[in-house]
Amino acid sequence: MATTITPKRITDIGPPHYEKFLPPVIRRNYGAWKYHEVLEPGVLCHVSETGEKLYSVRAASPRLLSIQTIRLFADLADKYCGGYLRFTSRNNVEFLLEKLDEVAPLKADLAAAGFPIGGTRATISNIVHTQGWVHCHSSATDASGIVKSVMDSLSEYFVEEKLPAKLRIAVACCLNMCGAVHCSDIAILGVHRRPPKIRHDMLAKVCEVPTLISSCPTGAIRSAVVEGRQSVEVIEEQCMFCGNCYTVCPAMPMNDPENDGISIWVGGKVSNARSEPKFTKLAIPFLPNNPPRWPEVVEAVKNIVENYAKNARRFERMGEWIERIGWPRFFELTGIEFTRYHIDDFKNAGLTFARSTHLRF
Amino acid sequence: MDEKKPKTELLDELEKGPWPSFVTEIKKATETSPMATDLLGQLELSYHERKGHWKHGGIVGVLGYGGGVIGRYSDVPEQFPNIAHFHTIRINQPSGWFYTSDSLRTLCNIWERHGSGLTNMHGSTGDIVFLGTRTEELEPVFKELTEAGFDLGGSGSAMRTPSCCVGEARCEWACYDTMKLCNDLTQAYQDELHRPSFPYKFKIKCAGCPNDCVAAEARADLSVIGIWKDDIQQDDEAVAKYAAEGLDIQRDVCDKCPTRCMSWNGELTINNRECVRCMHCINVMPKALRPGVEKGAALLIGSKAPIVQGALLSSVLVPFVPQEELFDTIKELISRVWEFWDEYGKNRERVGELIQRVGMANFLDAIGLDPVPQMVTAPRDNPYIYFQKKSENE
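Heads up: the sequence lines are chains A and B, in that order.
For the first sequence, the working numbering begins at 31 and goes up steadily by one.
For the second sequence, the working numbering begins at 34 and goes up steadily by one.
Be a bit skeptical, because a hint or two may be false.
[As the list claims (entries may be wrong)] Partial list, computed: chain A residues near chain B (C-beta under 8 Å):
1. C75
2. A90
3. R116
4. R304
In case anyone wonders, no lab produced these hints; they're calculated from the structure.
Cβ atoms here follow ideal geometry from the backbone N, Cα and C, with glycine treated the same way.
Can you build the whole structure from these sequences, using the hints too?
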């Protein structure tokens, strides 16, 4: 009997071990860092118990990177950092240097390649965001285009430290929130505003009806026979346009250029510093999708940032500032209209009702 | 590949301005991939029509895995045949997102041979994302990735790729070795990561301190957040130096303390029994104050984005686990949580939602944890108590 020798297929090896990617200065001082200083926006100096120093240079990134740009980063890492670099949880790229006098030439090279340096401490760091029209099937808007437009307008706040505290912006292009915008200082969230347009012709073929019915958080979908075919119907008054049904069933498309758009949320945080982590709250229920520059969204975000920059106290995050001055004053200062949509009507809605006479005018 | 260059008058607008442009990135990728050219064309169409042009996934993947690849197809493939298939591959990042230039070049070369040349560094859950390839390229990409020492990340109703902050590699505030814990957990759950068998996704994030740079509190079914149990380490000379350099310690440190456990009269006094370990004073004076020496982490459970039943933050399950016991404790806890979730979780119900539905007390019973006051901000304020019948041996 003939035997064929096939090479063993490699599976379940997990990620490469991080140790081989650590620069020597980190290997020598792992767990022994004593303190750090921010030398200037985007340049950190960590000092270890032994006195050794590590300089990190943080640059902006559009997150969507070509292999050409990654190779450019790799070349810069070879030139200045012995080939070592990392990315941050907000998708900035960081170069890890042992010598202070290499910082300036690296900064010059990054600037020449079009990558601003900053994003540390009381700045606006990179915007965490989702795929949008670049790659997502359920998006109510693009993500990268909004990020680019907003940061073009706010880039001074990335490269200079001129805010009361750090300000974290996130963009998610639908309520799925792959960008988890629900705890950011400012959240830009794509929203649908019309119920799914049911494709009765294909629904029974591509979807499992019980799964579809149970996917609806408000129970708005029920089984129905339409033109002799097994399908579903949507109780429109119960639909809040989350798109959950579309996630489990492609025959429930939500896309609607006239009614899809953007909502703006403020005052969330994940850090435990000073106040507890908190959710973002609704500031603006709807702005139109207006590519390529989304001027209404850029203007709205800029207005909120500038009011915060002008009025908050040092170390006060967006949500902490608003809690101190009160929501009526926030709406007054920003000129944003307070509407019926700002009053919660989903589960546990009463938790955000004013339940005292601690009132501000 | 210039002959078929699409007209991109709207996208071209997004190459102007100081912020790095994703449009420039896609254009760079057209040097090596016709997929990038068609992506530009389809994206320009989306910008004109103000709607996306991607269809639902369908099941695509590599042999023996149930996840790691997100199927994606253009809904206008006649116009843009090179992106008729445009699947995403999630690749498990190394802990802390550290790389060597050579490892990045290896990844780039694989992706130049087999895909669009476009990536996300990184995806929201932490993975390296290879953006756009054809079904028949999946096995070859996977083979070359694993030969280079990389493996796929999670997708679907599975354990998702764990992630962590930079931790002890470069942060003096890390209360445990986040990168090691993240790597150890990832390696321990390879099967759960690659073969979806849960009611829905399950995420773990490891943050080294309460500043929570990986948003564990908001984005992980199991949030591991470093804290210390003893007193803040205090260097009075360094405190005095901050004051001498102009820091208003009363206003900017003491008055911002959430429990007002600090006082300043030329000397800083901290009542550590009343400290909630929020990090503010340490953040402001990193040379003078540091976390204590009895380090470990709090384990919190259940956070998630809105889909399906609304967004949740994680809530405290185990207030403190010493750093050396973290891995074993988490493994034991996870096995109990998964057993209960497997049995009682509904399709697409995250652990946090299950706890909301059955009640935290029942959940604690099920996983065998005793209630402790650190689990709540206050005891219940309603009298609708489900008193239990006395058991027979009471």
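Here's how the hints hold up against the structure:
1. This hint is violated: C75 (chain A) has a C-beta 11 Å from the nearest C-beta of chain B, more than the 8 Å allowed.
2. Because the smallest distance between the Cβ of A90 (chain A) and any Cβ of chain B comes to about 6 Å, under 8 Å, the interface hint for this residue holds.
3. At a threshold of 8 Å, the smallest CB-CB gap from R116 (chain A) to chain B is about 5 Å, leaving the interface hint in force.
4. The closest approach between the C-beta of R304 (chain A) and any C-beta of chain B is roughly 5 Å, which is under the 8 Å cut-off, so the hint is satisfied.
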